[in-house]
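So the sequences go chain by chain: A and B. So the first sequence is numbered by this note's numbering: it starts at 1305 and just counts up by one. So the second sequence is numbered by this note's numbering: it starts at 1305 and just counts up by one.
Possibly wrong hints are sitting among the right ones.
Unchecked claim - Residues of chain A clear of chain B, computed beta-carbon distances all greater than 12 Å:
#1 S1314
#2 G1365
#3 V1440
#4 I1479
#5 K1546
#6 A1557
What the hints assert, rightly or not - Which stretches of chain B does chain A cover? Using the computed rule of at least three CB atoms under 8 Å from a CB of chain A, they are:
#7 1310-1320
#8 1429-1439
#9 1487-1501
Source of the hints: derived by calculation from the structure; they are not laboratory data. Note that CB positions come from ideal geometry on N, CA and C, so glycine has one too.
There are 2 protein chains.
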Amino acid sequence: MLEFEALLRSYADRVEGYLHSCFTDADEPQQVLFDAMRYSLLAGGKRLRPVLAQAFCELCGGSAMDALPFAAAVEMVHTYSLIHDDLPCMDNDDYRRGRLTNHKVYGEATAVLAGDALLTAAFGHLAAAPLPASRVVKATRVLSLCAGELGMVGGQVLDMEAEHRVCTEEEVLAIQSRKTGALISAACQLGVIAAGGSPAQQQAAADYAASLGLAFQIEDDILDVVGDAAKLGKATGMDQNKNTIVRLHGVEACRARITEETQRAVAALAPFGQAEFLTELAQRLTSRDH
Amino acid sequence: MLEFEALLRSYADRVEGYLHSCFTDADEPQQVLFDAMRYSLLAGGKRLRPVLAQAFCELCGGSAMDALPFAAAVEMVHTYSLIHDDLPCMDNDDYRRGRLTNHKVYGEATAVLAGDALLTAAFGHLAAAPLPASRVVKATRVLSLCAGELGMVGGQVLDMEAEHRVCTEEEVLAIQSRKTGALISAACQLGVIAAGGSPAQQQAAADYAASLGLAFQIEDDILDVVGDAAKLGKATGMDQNKNTIVRLHGVEACRARITEETQRAVAALAPFGQAEFLTELAQRLTSRDH
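Could you build the full structure based on these sequences and the hints that come with them?
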């Protein structure tokens, strides 16, 4: 237990240090852009994706350091997606994690550009990784695929489109696997790739990510409902407009589904042999409301 | 002369064909995203950047086909930048090349995401190129650098910042070299990289691009002025709000500068020996108003 916490901390601290060293050129006149990029990139958070990348890299015999540029790249993609999601033309959010959103501080135009620059930089960090070129190219392919029109961005579009109607379970899963699942998958796969792992190991990492991502998302949706219920003083709070599995099947059925997906995630780790950290991570991430 | 036209046409047609084959997955539910991406990607234009990439690749002993995925990637980055530039929070343009802008057709949110997806796909196309991995990694580094916070996006921010004041020549050059010059440079360099050219050849391509980009930009600014003058019936039309070299030095001095930069671009080609196409391209691009 203590060992888990220490390892989690060391993974998160390592990427935090790396991210703090980015975009610090003092001589550039476009300082405000750097400020805007760092404002969102260094806003804290669990750094779940970089943690996963490092853990999978170690699991495949690499060092966590090997995975660091890849881990940071995934976090940059995650950060850009949050900046663009918060824009007035998207979710129009003024606050994120208790701080003003990027466009509220820097204005809409700079926020769009800060997101663009973070996405662009992410691929630059992949390409700057001191790893064999074949691994960098593989990582670039996976990150582009998971983050692009067939992955995260595609999920965003589906989510917007589904806003004003009730989705089937299949549709909800299609949205969530792209919108949040794809980038978690990229993080896990990039860890394997950084270590020079096999295609079978990359597939196992993707399987783990798919189950973890789904369990994590359902857990989030349950917390939303329970949180809403507590806040509103209602017995069964339900976000009427959000397409979630919880909305379709209710909290109890979803708790069973979380258990099932967590077991699946853990089972996906079998080919790696001992995988204590990632096993415990799956179990903890998906039992946040108990 | 005729040979030049035929070659120009074949470069442009080749990339046009490649771009037409992109984003056509019929089974994906996020079809509207693909439509939005293709709407802007296939809106025509000179395909200057892909032409440059292919020409430099051939100049360094590669085939134009080798450069095709790189050429297409640069065009995707160019296209995404136009979509985001046209947004209401940026230039707020309703029309581009006589057609409605992306957000006027698909809405702001989808336009932001279509741009994001094109930028993401650009790096995927680099990584999918059937070339040695070391070249792909080098191309990824160059494209990220030229398109990101130190290049194109940085130039955008500087341009916005300078909108309401008169810039010095140094500032105007700093904006233009980043905002438009950097991606032209990426196109030329990626052509050399696709062919496995030397660092000296890559530098020569960057030098050519720097002079060409500047001459091209000044030429554009002159055409704006001359166009405005003709349209408005004024003897000396001058866009009062746009920071350009023309505004600082006047049309005549700028014509001399164009000649000078064109000569510099042609001189940069010297290490390559015979470079007829790129020589003529520089001369034609920079004499559009004569």
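Outcome of the hint check:
1. S1314: Check passes; 28 Å lies beyond 12 Å.
2. G1365: Correct as stated: the minimum Cβ-Cβ distance to chain B is 21 Å, above 12 Å.
3. V1440: Since the minimum Cβ distance to chain B is about 5 Å, V1440(A) lies within 12 Å and the statement is violated.
4. I1479: I1479(A) is in fact no farther than 12 Å from some Cβ atom of chain B, at 9 Å.
5. K1546: 17 Å, holds
6. A1557: 25 Å, holds
7. 1310-1320: Our answer is that it is violated, as 0 residues pass the Cβ test (under 8 Å) against chain A, missing three.
8. 1429-1439: Since 6 is at least three, the answer is holds.
9. 1487-1501: Per the Cβ count (0), the hint is violated.
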